[in-house]
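One-letter residues, chain by chain:
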Amino acid sequence: MALAQQVQLQRDPGARADLVRRVTGSPALRLVGRRLLTAIPVLLGVTLLTFVVMNLIPGNPARLILGINATPGQIAQVDHQLGLDHPFWDRYWIWLDGLLHGDLGIAYSNRQSVNSDLAQFLPTTCWLLLYALVVSLGLGIGVAMLAARKPNGLADRLSLAVSMLGLSVAPYVLALVLIWVFAVKIQWFPAISNSLGSNPLTAIRALTLPAASIGFPLFAIYSRLLRADIVEQMQREDYIVTAKAKGLKPWRVLVVHATRNSMFTLITLVALNLGTLIGAVAIIEPIFSLPGIGAELISAININDLPLVEGIVVVFALVTVAGNLIADLMYAVLDPRIRYGRSAS
Amino acid sequence: MRTACLAGAVAIVLTAAACSSGGGSSSSTSTSAGATSSSSASPVSTGAAKAGGSITVLEGKGFSGDWPLGLDPATNTTGSADQDYYNAVFGQLFELGTNGKQIPDLATGYKYSNGNKTVTIDLRPNVKFSDGSALTASVVAWNWTRDLESSCTCAPSWTIARANAKVTTSAPAAGVIKVLGPLTIEVNLTAPNGAFINTMYDTIPNWIISEQSFKSMGETAFAKLPVGAGPFIMTSDSFSNEITMKKNPTYWDQPLPYLDGITFKSVSGDEAAYEAMLAGEGQVYIDMSTPQLLTEAAQKFNVITQLGTSPYDLQLNTAVPPFNNPRAREAIYAMTDFGPILQHIFKNAYPTAEGFTGPGGICYQQNVPGYQGYNPTLAKQLVAASGLDKSVIQFGTISSSPVAAETVQALSQEWAVFGVKTSQHSYNLNALIAAFLASGGKSWQAMIQTAGAYDPAGGVGVGFRFGSLSPFSGVHDPKLDSMLAAAAASSSLSARCPIYNQAAEYIAKNYYGPFYFSFAPANVAVKGVAGPGLTSALPAVAVAPAVLWEDVYNNPATS
Chain A
1 MALAQQVQLQ
11 RDPGARADLV
21 RRVTGSPALR
31 LVGRRLLTAI
41 PVLLGVTLLT
51 FVVMNLIPGN
61 PARLILGINA
71 TPGQIAQVDH
81 QLGLDHPFWD
91 RYWIWLDGLL
101 HGDLGIAYSN
111 RQSVNSDLAQ
121 FLPTTCWLLL
131 YALVVSLGLG
141 IGVAMLAARK
151 PNGLADRLSL
161 AVSMLGLSVA
171 PYVLALVLIW
181 VFAVKIQWFP
191 AISNSLGSNP
201 LTAIRALTLP
211 AASIGFPLFA
221 IYSRLLRADI
231 VEQMQREDYI
241 VTAKAKGLKP
251 WRVLVVHATR
261 NSMFTLITLV
271 ALNLGTLIGA
281 VAIIEPIFSL
291 PGIGAELISA
301 ININDLPLVE
311 GIVVVFALVT
321 VAGNLIADLM
331 YAVLDPRIRY
341 GRSAS
Chain B
1 MRTACLAGAV
11 AIVLTAAACS
21 SGGGSSSSTS
31 TSAGATSSSS
41 ASPVSTGAAK
51 AGGSITVLEG
61 KGFSGDWPLG
71 LDPATNTTGS
81 ADQDYYNAVF
91 GQLFELGTNG
101 KQIPDLATGY
111 KYSNGNKTVT
121 IDLRPNVKFS
131 DGSALTASVV
141 AWNWTRDLES
151 SCTCAPSWTI
161 ARANAKVTTS
171 APAAGVIKVL
181 GPLTIEVNLT
191 APNGAFINTM
201 YDTIPNWIIS
211 EQSFKSMGET
221 AFAKLPVGAG
231 PFIMTSDSFS
241 NEITMKKNPT
251 YWDQPLPYLD
261 GITFKSVSGD
271 EAAYEAMLAG
281 EGQVYIDMST
291 PQLLTEAAQK
301 FNVITQLGTS
311 PYDLQLNTAV
321 PPFNNPRARE
331 AIYAMTDFGP
341 ILQHIFKNAY
351 PTAEGFTGPG
361 GICYQQNVPG
371 YQGYNPTLAK
381 QLVAASGLDK
391 SVIQFGTISS
401 SPVAAETVQA
411 LSQEWAVFGV
421 KTSQHSYNLN
431 ALIAAFLASG
441 GKSWQAMIQT
451 AGAYDPAGGV
461 GVGFRFGSLS
471 PFSGVHDPKL
481 DSMLAAAAAS
491 SSLSARCPIY
501 NQAAEYIAKN
511 YYGPFYFSFA
521 PANVAVKGVA
531 GPGLTSALPA
541 VAVAPAVLWE
551 DVYNNPATS
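Sequence order for the protein chains is A and B.
Quick note on our numbering: the first sequence kicks off at 1 and runs consecutively.
Quick note on our numbering: the second sequence kicks off at 1 and runs consecutively.
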């Protein structure tokens with residue numbers, strides 16, 4: 001805030017009240033508030049469901065920690081330390097209380113805090129997701145525009161073929177093919193990457209094949225969907241005719257007008273696909289030996305490590321909720337007519 | 001022995017004497033190697049060994065590629081699955097070499113006395129941990145006391161008196177572990193055990209940690225970067241992901257190790273490891289078992305199938321229906337034709353087994369007299385008579401083993417021909433333990449597992465799967481227990497093996513559980529990388545053999 005404004009606010013209580021009114025009345029902020037409120041039951045539901053499922057899996061965590069030779073007394077002691085001797089609802093409340101205080105508990109498998117585990121493994125997954133998302137979106141939008149420029153033309157047909165391939169191949173199959181071609185045969189990228197290293201180029205090399213495995217199917221979906229939307233806009237909308245009549249160049253009409261107005265569906269899809277994207281890392285990370293939370297999640301489930309599973313699930317849920325919130329905000333950015341909480345004019 | 005093997009003719013004679021002394025497969029009651037040599041049937045004799053270079057070793061997730069708690073032997077519940085790292089950092093008191101030859105490493109010899117209730121071990125002089133502290137008998141005593149107090153699955157199962165007889169993890173009673181001198185230590189058992197040294201292989205008492213570093217670093221930090229007297233020093237450790245090691249410049253057996261460094265990387269499985277090797281990102285993969293990949297890998301790399309010691313068997317829970325009925329158990333024997341399974345699924349890579357011994361272990365007996373083989377006519381009668389076709393068999397195994405999973409699938413299909421239905425369950429390790437322990441051991445019916453070890457008295461040996469006291473056994477037969485105890489008591493193989501043979505016959509006669517094939521995984525190495533366990537077979541102590549990393553070298557000129 002500019003200094004002059006601050007001084008004005010200090011002198012004039014009415015101006016301060018007006019600012020508060022404007023801030024609280026901001027559609028975007030109200031949207032954020034509403035979404036955050038909606039996220040609470042979502043997070044509660046997801047964590048409770050995970051808690052129930054993990055408790056149904058046979059196996060005593062205390063025995064996992066202590067080993068098979070542990071005496072009943074030792075097991076009871078660890079049960080007590082971990083709060084496992086409490087009733088189900090008490091345990092869930094204790095965990096929830098910890099979550100509210102920023103403490104996700106201690107992982108059974110390595111006896112480290114879940115917070116530190118997440119701090120260790122989350123960056124790899126975040127970079128991987130970001131890479132996959134940026135590449136799939138970038139390529140998807142570019143190819144969609146190329147294809148929509150001349151429907152049924154060469155670029156359109158070629159993109160259709162590539163997209164069909166992307167839609168037909170499962171990410172883990174694609175991962176193996178990519179490894180075979182780009183790691184084994186031409187050796188451009190590594191087949192396994194147990195660490196990303198400190199050099200950004202090394203990290204990019206390590207993440208390229210995993211990101212392509214996750215991103216290629218998404219690219220296929222995004223490009224087909226966006227292409228169809230752009231074509232529809234170009235052929236049917238009056239504002240396109242107006243733009244053309246004004247003498248704008250075809251590329252400008254396509255990029256600035258048609259593509260921009262076709263983005264809504266794409267944004268919705270990206271937001272909805274976040275869950276799928278996150279799920280894919282759990283499969284792809286182990287294939288490339290990437291030390292991310294997807295691989296950790298699989299290991300944690302295998303050894304019934306409830307605190308770690310819950311911690312990772314919370315992160316996944318938060319990312320999904322945040323992704324959907326960002327999508328909602330982007331609608332408003334793209335179309336100023338949209339006023340959340342008010343009737344659209 | 002490594003150094004001595006490099007020497008000339010005189011040294012070779014001396015080394016041969018040292019190498020042949022004692023050993024697990026001999027019947028001698030004592031052994032003593034020279035203070036200046038240990039070593040193996042090393043590749044040195046090929047003349048290709050070369051100092052320098054480093055390698056990347058790939059280890060599969062779900063077994064050796066997991067070390068979530070770090071590498072303190074007394075607290076790591078993953079146990080001997082992590083033997084590669086332990087052996088590289090800690091070395092071993094005794095190593096198991098080619099053809100079961102015992103190699104004194106940090107120890108130089110041992111002696112049984114007091115009717116095999118007392119074992120005296122001599123340590124190698126002038127051995128120092130990489131932190132500079134000395135390896136002495138008192139350090140070993142501190143290690144063993146700590147091991148015995150551990151509640152970990154990996155804790156040694158020595159029959160000793162405890163300070164509190166009712167608590168299995170209480171400290172050893174006074175006099176159980178005695179320090180007789182700076183380099184001499186004694187263990188006093190409550191029951192004769194002539195297999196004591198054999199049962200040390202691949203168990204935590206064989207890996208000695210530095211007491212000084214442990215106390216100065218604390219348990220958590222030590223588990224992250226443990227300190228030992230082995231050929232390598234750990235320089236970084238990202239749990240269950242990656243470990244880097246460098247050559248230990250103060251290693252007792254100079255000029256070993258050959259390699260300047262080893263990086264261990266955890267990979268998701270056989271396929272990922274194979275492709276990483278093809279891409280040049282790994283030089284060794286430990287424990288490959290996928291049959292199709294083994295065939296393919298053999299065309300490009302050195303693939304050495306180890307000598308199995310732990311045959312796959314079908315554990316039957318004799319405490320609950322339907323297998324508390326001997327006719328139902330006999331039916332299982334009679335309706336299983338394992339030959340086609342072995343041929344079509346496992347490409348005849350493993351020898352068939354009828355007992356708990358394998359070709360890599362002691363007292364190997366492939367065929368057991370009186371073993372009920374495949375007999376479809378008899379099987380139909382027995383299935384009908386026992387009512388086996390009227391229930392669904394709960395059939396389980398561990399999920400991390402593709403071999404076990406394929407075996408369960410194949411057997412279920414064979415039995416279906418006789419009208420026997422199965423419900424297949426694939427457990428992770430924790431769930432498998434829970435399944436065995438649930439309802440006092442009475443909730444499971446049949447499990448595919450491995451039973452056996454280099455010495456049946458040790459590791460996941462016959463007692464683990466067929467002894468009354470084991471929570472992982474479906475058999476509770478005092479007569480079998482006493483047979484196994486008698487076999488373990490003697491230090492003479494000529495006395496022990498006949499008893500094990502009788503035990504195998506007894507198991508077959510009572511249809512306690514059929515055996516199928518003697519499995520051992522293979523190690524894969526790129527051409528030029530060689531060493532015991534990589535280019536020459538070693539006995540698998542429990543499931544996989546312990547590669548002798550100090551003898552491994554990388555000489556691309558020989559590829």
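No lab work stands behind these hints: they were computed from the structure.
Do not rely on the hints blindly, as some may be mistaken.
What follows is a set of in silico ranges between Cβ atoms, one per label pair, in the way DEER data are often shown [unchecked claim]: (1) His86(A) x Gly370(B): 31 to 41 Å; (2) Ala191(B) x His80(A): 32 to 42 Å; (3) Asp389(B) x Leu165(A): 41 to 51 Å; (4) Thr250(B) x Asp90(A): 24 to 34 Å.
Taking lysine to any residue and the SDA-like style, the derived pairs with C-alpha atoms no more than 25 Å apart in a straight line are [unchecked claim]: (5) Lys246(B) x Asn199(A); (6) Lys224(B) x Gln112(A); (7) Lys224(B) x Gln81(A); (8) Lys224(B) x Ser116(A); (9) Lys224(B) x Leu118(A); (10) Lys300(B) x Trp180(A); (11) Lys128(B) x Thr184(B).
In this text, a Cβ means the ideal position worked out from N, Cα and C, and glycines have one as well.
Do the hints match the structure? See the list:
no.: 1; hint: His86(A) x Gly370(B): 31 to 41 Å; in the structure: violated, 55 Å
no.: 2; hint: Ala191(B) x His80(A): 32 to 42 Å; in the structure: holds, 35 Å
no.: 3; hint: Asp389(B) x Leu165(A): 41 to 51 Å; in the structure: holds, 49 Å
no.: 4; hint: Thr250(B) x Asp90(A): 24 to 34 Å; in the structure: violated, 54 Å
no.: 5; hint: Lys246(B) x Asn199(A); in the structure: holds, 23 Å
no.: 6; hint: Lys224(B) x Gln112(A); in the structure: holds, 12 Å
no.: 7; hint: Lys224(B) x Gln81(A); in the structure: holds, 23 Å
no.: 8; hint: Lys224(B) x Ser116(A); in the structure: holds, 15 Å
no.: 9; hint: Lys224(B) x Leu118(A); in the structure: holds, 18 Å
no.: 10; hint: Lys300(B) x Trp180(A); in the structure: holds, 15 Å
no.: 11; hint: Lys128(B) x Thr184(B); in the structure: holds, 16 Å
This entry does not satisfy hints 1 and 4, going by the numbered hints stated previously.
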